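Here is what each chain is made of, one letter per residue.
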Amino acid sequence: MAAPNEQFVDWEIIHVPGNAPLSLEDSTVNVVAAKIEPKQASAIIRQLNQICPLENLRHLKRVKKDKSQGKVELSIILCLSSENGSSIEAFPSGVRQLIDNYNLSSFYAKVSKCQATSKEEWEEQCKLWPTSFHPPTNPEGVSGLDAEEIKSIYSSMKSVMQLVQSNIQHKVVNAAVIVNPFNGQIISKAQDDILPLLKSSEENISWNSKNEEMKYKWSENKGVACVNPWGWLERSCQDHDAMPCDSGLAWHPLKHAAMVAIENAAVRDRRLFPNSSPCNNDCYSELYSDIGPAKRLKTEEAQLTNQNSEIGNGLTSEATRPYLCTGFDIYLAWEPCPMCAMALVHQRIKRIFYAFPNPRVGALGTVHRLQGEKSLNHHYSVFRIHIPDKALSEIFLEKLKD
Amino acid sequence: MGRVSESVSEDINRFMELAIDQAKCAFDNLEVPIGCVIVEDDEVIATGYNKTTETRNATRHAEMEAIDTLLEKWQKCGLNKTQVAQKFSNCILYVTCEPCIMCAMALSILGIREVFFGCANDKFGGCGSILSLHIGEADNKCSDGASQSKGFKCTGGYMADEAISLLKSFYEQGNPNAPKPHRPVRVQAPQK
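Going down the list, the protein sequences come from chains E and P.
UniProt numbering numbers the first residue of the first sequence as 1 and each following residue consecutively.
UniProt numbering numbers the first residue of the second sequence as 1 and each following residue consecutively.
In short, the hints are calculated from the structure, not lab data.
Careful, some of the hints might be misleading.
[Claimed, not checked] Result set (DSSO-like, lysine-lysine): computed pairs, CA atoms no more than 30 angstroms apart in a straight line: (1) P/Lys168 to E/Lys71; (2) P/Lys51 to P/Lys123; (3) E/Lys171 to P/Lys123; (4) E/Lys171 to P/Lys87.
[To be verified] Computed footprint of chain P on chain E, listed as stretches where at least three residues anywhere in the stretch have a Cβ under 8 angstroms from a Cβ of chain P: (5) 251-257; (6) 341-347.
This structure is a prediction, so every number in the text was calculated from the model and none was measured.
From the three backbone atoms N, C-alpha and C, an ideal C-beta is built for every residue, glycine too.
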């Protein structure tokens, strides 16, 4: 995809689907095909559609057209290949007869098993055997985003990357920003908050002294809570123990960036709408009542439309108050762990964007794939943003200059 | 479910009853009725119930409430991280519903010793229903030196009927906090 802006050259957005990509083995099926003479094509197609219609493979085109040395060559799918059928006896009798009548020489071919869900997948499929493709009316992948939106997504991602530098010994930490995509308003910002922060003076000295030689190493991510969730015990910073700050806790092993961002969003909601009756948390209702997910989706959509139309007036009335984080996006530097990913389900986040995969405990595509767990009562879309190395170091240097 | 002798099972039910009491507190506060207690050396050291409605933070599950109580309490006593981790490794959680994926991961991060729960959570349970986060990773230390994952023992089915009937009556009364009912709420027979 072309970069929508020269500021974001070589940035890339990749949809992380709910189902794991299938292997070639799982996504294809073997068929028996044969080359045919173009002038016989229509007769053969007509007969085959009667003898052996491709019931469950309607996305497949029956005939494949190749050009070799300026000549058009047609191949046709005769039938599905049977499990053990390498011999002609295994073919349906009508097909056998057709092969005899037209003196065809059959061969085996691999074709895609299912209809493509994206243009990219369709293009891949057609390399095997042509298929038809009907773009989904409501595309959930990248194809549903226009250039303007992608640009604002990249900008938000950039603002998260500016937050990943911790004040503690130059370690990188995870950062999160929750955004209302309708007006770009930032709902909350957060960093991992597992360890106490150093005093700002210490922080400044160390920053300046190391400015020059410091190179950002994204692979040195042991300080990122979601990447190394059990590391809170070992991560000691001159053991600032037993120094509870005013807010209560000096350190907290569960204060991953996403959890803090959710808490901040909740605080904001209570501040903006102090008197409203609290909204229903219906997270367990599907277990015990029959309000179906479709019904719920409608309500959420209605809520969104409502929200969208009133934002122009700058109203923060009850009517514009979303239920939890319904309709909001979250940007994260690292793919969240299962705790954070599930928290984002609970809080009804609409879309998640992250830059770096989390190889050990990533819950959105790497190890688990919560966005594809059918049983959950809410599903968000997940995207990975690939940021080129050059852009990453620029973001980092900009931050140092501040 | 693991086999336990009758007296041990009695003990478990004794603490589970306290967890149910917590769930009832949630119910009285118009919250989804799930409650828990955390026990150290046969003594309840923290309680918690769902506060997602009051806080407008859907992550404030019973387990999270109880965990935060302990973290605050222990830090106020001046315990350091090592000591706190030591404490958690000696704690047992009794909760009326199987911990969700979020809470299961949190319990693993803290290194809790054991969990007993009431009813299973078929929609988003993290201790066997959807994911099995209570089972630690097979390899002890991952190659790049990150810290070891922690599993915990986890068994369910204690006083499950009580837990389920609380949840049922909560949704039966048609959650009073719901903005506008879409249609009358009918309650299905429990799934098991």
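Tested hints:
1. In summary, the hint linking P/Lys168 to E/Lys71 is not supported, as the alpha carbons are separated by about 71 angstroms, beyond the 30 angstroms threshold.
2. The suggested pairing of P/Lys51 with P/Lys123 holds, with an alpha-carbon distance near 20 angstroms, which does not exceed 30 angstroms.
3. At most 30 angstroms may separate the alpha-carbon atoms for a hinted pair to count; E/Lys171 and P/Lys123 exceed this at roughly 37 angstroms.
4. For the hint pairing E/Lys171 with P/Lys87, the CA-to-CA distance comes to about 28 angstroms; that is within 30 angstroms, so the pair holds.
5. Only when three residues or more bring their CB closer than 8 angstroms to a CB of chain P does the claim for the region 251-257 of chain E stand; here the count is 4, and the claim holds.
6. With 6 residues carrying a beta carbon less than 8 angstroms from a beta carbon of chain P, the region 341-347 of chain E meets the three-residue requirement, and the given coverage holds.
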